Amino acid sequence: DQQVKQNSPSLSVQEGRISILNCDYTNSMFDYFLWYKKYPAEGPTFLISISSIKDKNEDGRFTVFLNKSAKHLSLHIVPSQPGDSAVYFCAASAKNNDMRFGAGTRLTVKP
Amino acid sequence: ETGVTQTPRHLVMGMTNKKSLKCEQHLGHNAMYWYKQSAKKPLELMFVYNFKEQTENNSVPSRFSPECPNSSHLFLHLHTLQPEDSALYLCASSQGSLNTEAFFGQGTRLTVV
Chain A
1 DQQVKQNSPS LSVQEGRISI LNCDYTNSMF DYFLWYKKYP AEGPTFLISI SSIKDKNEDG
61 RFTVFLNKSA KHLSLHIVPS QPGDSAVYFC AASAKNNDMR FGAGTRLTVK P
Chain B
1 ETGVTQTPRH LVMGMTNKKS LKCEQHLGHN AMYWYKQSAK KPLELMFVYN FKEQTENNSV
61 PSRFSPECPN SSHLFLHLHT LQPEDSALYL CASSQGSLNT EAFFGQGTRL TVV
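Which chain is which? The protein sequence lines are A and B, in order. Numbering-wise (my numbering), the first sequence opens with residue 1 and increments by one. Numbering-wise (my numbering), the second sequence opens with residue 1 and increments by one.
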């Protein structure tokens with residue numbers, strides 16, 4: 001049962017433009033959401049998170065939006081840079097439960 | 001450097017072998033995890049240890065056996081694996097297991113032949 005879904009396996013954008021990565025979830029008990037970034041040959045690293053009491057969290061070039069009614073969140077990167085090229089994982093957790101991850105979206109930012 | 005170290009980085013083993021993966025964290029965290037990442041699949045949570053006690057086992061086959069001797073070390077003992085067990089095995093740790101950021105090791109790329 002895949003509770004966190006990233007339906008786009010890959011995304012390619014031009015340097016300087018906006019990258020939008022999407023994530024959908026099915027478990028309405030999830031109340032905390034995270035994005036992780038993974039480079040080849042490295043483990044995932046935490047990027048940004050959002051609690052279900054908010055609908056937006058911003059950290060520099062990265063903004064996460066949460067739409068609870070649609071059970072959807074997205075990560076916006078603007079402006080995109082070639083160094084942002086990586087696999088991005090969406091994750092969600094609920095109280096008394098552990099984190100569930102999506103399958104990841106491979107972002108390629110072209111110079 | 002995330003503070004979570006996994007060894008070995010790569011492992012090739014036969015189906016009749018016994019091997020162990022090791023994870024060590026220097027972050028003072030009290031929860032440690034094993035995840036499996038297969039190609040084009042979500043990260044799958046395998047085991048959770050909180051304060052050295054196993055709190056979750058997501059129906060993992062018994063050919064995978066975890067061990068957590070203390071809150072800084074986590075092992076995954078492997079025996080009689082199948083080729084479909086070939087994957088990237090990731091260790092992570094966090095301060096508590098609820099709604100907290102997890103720190104991941106670099107993973108062990110396991111190939112079963």
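No lab work stands behind these hints, which were simulated from the structure alone. Everything numeric in this text was worked out from a predicted model, so none of it was measured. A hint or two may mislead.
Claimed, not checked - Going by beta-carbon spacing under 10 Å, a handful of chain B positions derived as facing chain A: (1) Arg9; (2) Lys19; (3) Gln37; (4) Phe104.
As the list claims (entries may be wrong) - Here are some of the chain A residues that sit facing chain B, going by a computed Cβ distance under 10 Å: (5) Val4; (6) Leu11; (7) Lys38; (8) Gly43; (9) Lys56; (10) Phe62; (11) Ala103.
Positions of the beta carbon are idealized from the N, C-alpha and C atoms, including for glycine.
Each hint tested on the structure:
| no. | hint | verdict |
| --- | --- | --- |
| 1 | Arg9 | holds (8 Å) |
| 2 | Lys19 | violated (20 Å) |
| 3 | Gln37 | holds (9 Å) |
| 4 | Phe104 | holds (3 Å) |
| 5 | Val4 | holds (7 Å) |
| 6 | Leu11 | violated (15 Å) |
| 7 | Lys38 | holds (8 Å) |
| 8 | Gly43 | holds (3 Å) |
| 9 | Lys56 | violated (18 Å) |
| 10 | Phe62 | violated (14 Å) |
| 11 | Ala103 | holds (5 Å) |
Figure legend: structure checked against the earlier numbered hints; hints not met, in rising order: 2, 6, 9 and 10.
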